[in-house]
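From first to last, the protein sequence lines stand for chains A and B. For the first sequence, my numbering gives the first residue as 924, with consecutive numbering after it. For the second sequence, my numbering gives the first residue as 1145, with consecutive numbering after it.
Be aware that a few hints might be false.
What the hints assert, rightly or not - Using C-beta positions, here's what the derived DEER-type ranges look like: (1) B:K1199 - A:H933: 32 to 40 Å; (2) A:R974 - B:T1219: 37 to 45 Å; (3) A:R938 - B:R1224: 24 to 32 Å; (4) A:N982 - B:N1208: 25 to 33 Å; (5) A:R938 - B:F1162: 30 to 38 Å; (6) B:S1174 - A:E975: 19 to 27 Å; (7) A:T932 - B:S1195: 14 to 22 Å; (8) B:Q1153 - A:E1005: 22 to 30 Å.
As the list claims (entries may be wrong) - In silico EDC-like pairs for lysine to aspartate or glutamate, Cα to Cα no more than 20 Å straight-line: (9) B:K1197 - B:E1159; (10) B:K1198 - B:E1211; (11) B:K1197 - A:E1022; (12) B:K1198 - A:E1022.
Stated by the list, open to error - Which chain B residues stay away from chain A? Per the calculated CB distances, all over 10 Å, these: (13) P1152; (14) L1155; (15) N1166; (16) N1208; (17) Q1210; (18) R1234; (19) S1236.
Since the hints were derived computationally from the structure, they do not count as laboratory data. None of the values given here were measured: they were computed from a predicted structure. No residue lacks a Cβ here, since even glycine has one placed at the ideal position from N, Cα and C.
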Amino acid sequence: ETGVTQSPTHLIKTRGQQVTLRCSSQSGHNTVSWYQQALGQGPQFIFQYYREEENGRGNFPPRFSGLQFPNYSSELNVNALELDDSALYLCASSLGNGETQYFGPGTRLLVL
Amino acid sequence: KNEVEQSPQNLTAQEGEFITINCSYSVGISALHWLQQHPGGGIVSLFMLSSGKKKHGRLIATINIQEKHSSLHITASHPRDSAVYICAVRKSNQFYFGTGTSLTVIP
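Based on the sequences and whatever the hints tell you, model everything.
Given below as structure tokens:
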């Protein structure tokens, strides 16, 4: 077990709704990255937060946004949900940018 | 074209066999990661490499920066090694992932 926790574990939403996913990083880790993994695919990088600032972003539209808090926990927000947003959302924390990442168990989001 | 390509996509081996999974990438990188994902989604980071070779137990990872290629080897494979193995590379503040190699080790 990595010490990285995510909530909720599962979530069902409808198209057009908004969702917030949460991640608590491993103690002492100041960097959190978020990934989307569609069924049968490899993960796709959404963005990374380092010390509360966005520190890199993948090819995702602005309706995917995030936050990192002073305790280094993080949120992923997705607005105007689309069916294709159905996926496993993973967060990973690390001691710094470029260090080994420790993954949480993921949140499974289903958009109907 | 994906920035990261893995081969093979699927692999079935008998217990005890030596296994090799390959990863090729097309971008300049600062580090390459090998990840293991078990059914249910949990991901474990196995190695982070920027050069040379690393070994952990029965797992060995190598990288050739000039050839933009990395391999993950599993010696004396065991059914508990059955999982999806994912290669990921980091370029600046971007991460690119392969689609994974699904390994099944049969007793």
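Hint by hint, here is what the structure shows:
A hinted range of 32 to 40 Å for the beta carbons of K1199 (chain B) and H933 (chain A) is consistent with their spacing of about 37 Å. The hint said 37 to 45 Å for the Cβ distance between R974 (chain A) and T1219 (chain B), and at roughly 40 Å that hint holds. In this structure the supplied range 24 to 32 Å is violated for R938 (chain A) paired with R1224 (chain B), their Cβ-Cβ distance being about 40 Å. One distance hint, 25 to 33 Å for the beta-carbon pair N982 (chain A) and N1208 (chain B), holds here, with the actual separation near 28 Å.
Restraint check, R938 (chain A) to F1162 (chain B): a C-beta distance of roughly 48 Å breaks the suggested window 30 to 38 Å. Roughly 23 Å separates the CB atoms of S1174 (chain B) and E975 (chain A), a value that falls within the hinted 19 to 27 Å. For T932 (chain A) and S1195 (chain B), the hinted distance range of 14 to 22 Å is not satisfied, since their beta carbons lie about 38 Å from each other. Between Q1153 (chain B) and E1005 (chain A) the CB atoms are about 27 Å apart, so this pair conforms to the stated range of 22 to 30 Å.
Distance check on the hinted pair: K1197 (chain B) and E1159 (chain B) sit about 24 Å apart at the alpha-carbon level, beyond 20 Å; violated. In summary, the hint linking K1198 (chain B) to E1211 (chain B) is supported, as the alpha carbons are separated by about 18 Å, within the 20 Å threshold. Restraint check for K1197 (chain B) and E1022 (chain A): satisfied, since their Cα atoms lie roughly 17 Å apart, inside the 20 Å limit. Of the supplied pair hints, the one linking K1198 (chain B) and E1022 (chain A) holds, its CA atoms being roughly 15 Å apart against a limit of 20 Å.
Against the 10 Å criterion, P1152 (chain B) stays outside the reach of chain A, whose nearest CB is about 15 Å from its own CB. Separation of L1155 (chain B) from chain A is adequate, the least Cβ-Cβ distance of about 16 Å exceeding the 10 Å criterion. A cut-off of 10 Å between C-beta atoms confirms that N1166 (chain B) is not in contact with chain A; the least separation is 15 Å. Distance check on N1208 (chain B): its Cβ is at least 20 Å (rounded) from any Cβ of chain A, clearing the 10 Å threshold; non-interface status holds.
At roughly 21 Å from the closest C-beta of chain A, the C-beta of Q1210 (chain B) stays outside 10 Å, upholding its exclusion from the interface. The non-interface label for R1234 (chain B) is inconsistent with chain A: the shortest C-beta to C-beta separation is roughly 7 Å, within 10 Å. Its closest Cβ contact with chain A, about 7 Å, brings S1236 (chain B) to no more than 10 Å, contrary to its assignment away from the interface.
In this structure, the hints that do not hold are numbers 3, 5, 7, 9, 18, 19, in rising order.
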